[in-house]
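Colleague: Each chain, written out:
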Amino acid sequence: MGFAGQVSLGHAGFFGIGAYAVAVGPTHLGVPSWAALPAGAAIAGLLAFLVGRPILRLRGHYLAVATLGLGILIAMVFTNEARLTGGPDGMPVPRLELFGWRARTPIAWYWISGVTLIIGALIAVNLIESPTGRAFRAIHDSDTAARTLGIDVARYKLVAFVLSAVYAAVAGAYLALFDALVTPATAGFLRSIEFVTMAVIGGLGSILGGVVGAAVLVLLPQVLTAFHDYEHIMLGLLMMLFMIFLPEGIVPSLARLTRRRT
Amino acid sequence: MPELLQFLFSGLTIGAIYALVAVGFTLIYNASDVINFAQGEFVMLGGMVTFFAAAAGVPIPLAALLAIVVATAVGLLLHRLAIDPARGASAVTLIIITIGASIFLRGIAAIVSTRTSTASRVRRLADPGSSAAPHAAAERDRADRRGRNRSRALAFMTIDADRQGAGRDRSESSGGASRRHQHCRDRRVGVRGLGGDRRVRRHPDDADHADQLRRRHAAGAEGFAAAMLGCMGNPLGAVIGGPHRRPARSLQRRISLVGLQGRDRVPGDPRRPVRHAARSARSRSRRAGLMHNVLRHPYAVVLLLVAIVMALPLLVPSTFHLRIAVLIFIFALAVIGLNC
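Chains A and B are the protein sequences, given in the same order.
Heads up: the first sequence begins at 1 in my numbering, then just goes up one per residue.
Heads up: the second sequence begins at 1 in my numbering, then just goes up one per residue.
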């Protein structure tokens, strides 16, 4: 969204595919969790590739609604295919096992998810600095201008869509493995909105912004429990204040402030 | 046939209400290029003010008028205090501001409704004539706990709402798997952060409240979808989109009821005419509002053909809801294609 400028409101669908892959694979297909995880990411990437080409021809809000429809459809499949997915109640997720070691403690998951986040961020940073990343930014600024520069706009939009779907699927798989439970709400519409909000609050067009946005939106409700019944009023108020006073997002706005002072 | 008409007219009635919501979306979009995610909360505000004013003895027409005044005042305040200061920001920033506003308004509504319902329940129990008076203190504690639980469940974040079991079907909240895996959820830091409330058995009022919440969100989402289906940039498109969505949905529900539950109860085979009517309702609307676009957008024609080809294997009996979902998605894609 920040680099290629494509707004997706259905990313929770890919997140759900990753989560259900590590649940359905070991439970029904006998695939170990460590193999189900990349398989889920591959399925999400393949679906994004198949659906992306027609969807990404749409622009602006129409693209958002088309991706929203895709996300809702995926969530409906998870809800209705009860024999495989456990229906609205969801299903348990077997623990991740690697060479006889079972990842079950929060500390273990802290290291696994932390290291994966760093690797994911490094890949994203490298991608942004590559010719593909420059093509993304050109498309973000103007489709027409990018096309005149000889950039295959449809192809690069598709690359961005597939890559972000794979990221979402891996994140979904990790959440399901950590929780040991997955429900269709994992792929719900509000989850997609939550992801978009994280990206915007942290700062679009900044890798660190996504991390900061996620941290703020996960930590803030916990901190605001001190306000008891008023916590949601405070959360809404803080979101509005962030966007009014830091309209570019937390990280880019703070970076600009720091640059000005130096 | 009378049943079909009943579904059609009730669908049109609700569709007209959604069309009003959609016109609101369109107005804001045309004026500022912003999709107002707090639109559903304004629907909720109108409903709540009308309800509380009517409960306080104000005649219904006056209560409705008061609701309009209050919603207008809140809208003005929102614009003056939140949207106006962010003038010049990107559209997506403004959208996030409206999401913040929606959480803010929901939080206020939660407090107001929780306090009102708790107070009325305690008043009822404290009534000396009531047989439940001896248990008033215990019930008050339970009511307070439920109130806290509900207002927390109003959180925007699905994580919180799910963990608190709000807004979910009864089958979800009381299902065996949910109980079995409750401990998995409670282990999460988030639950501990929220005070570690374990999910309590839901009071019927809680279920009603959750249903109301769902409808509230549904009104906003339906209005948004109606506006997008009709045409976001055109108020007339929004008006077409609202009634178009609702009768089709109403009839789809009827189809699914007949198809999955009541097939034996209805004499003959009612699925055929109802399904036929749903199809013709969709096609009529498509012809009326958007047909001229078909000629101008060859890509949309291709999309429609793809939709038809993709729909053919769906005629083979399989999960009924899934087929409906796929059809709705393909149809939505086709209509969006027509609009672009």
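What the hints contain is simulated information worked out from the structure, not anything from laboratory work.
Cβ atoms here follow ideal geometry from the backbone N, Cα and C, with glycine treated the same way.
Worth double-checking, as some hints may not be accurate.
According to the in silico footprint, chain A covers these stretches of chain B (three or more CB under 8 angstroms from chain A) [what the hints assert, rightly or not]:
no. : stretch
1   : 77 to 87
2   : 98 to 105
3   : 109 to 116
Colleague: Check, residue by residue, whether the stretch 98 to 105 of chain B contains three or more positions whose beta-carbon lies closer than 8 angstroms to a beta-carbon of chain A, and give the verdict.
Modeller: Three-residue rule met by the stretch 98 to 105 of chain B, so holds; n is 7.
Colleague: Do three or more residues from the stretch 77 to 87 of chain B put their C-beta atoms closer than 8 angstroms to C-beta atoms of chain A?
Modeller: holds (count 3)
Colleague: Per the coverage rule (Cβ-Cβ under 8 angstroms, at least three residues), is the stretch 109 to 116 of chain B covered by chain A?
Modeller: It holds: at least three residues are needed, and the stretch 109 to 116 of chain B offers 3 whose Cβ sits within less than 8 angstroms of chain A.
In terms of the numbered hints stated before, the structure departs from none.
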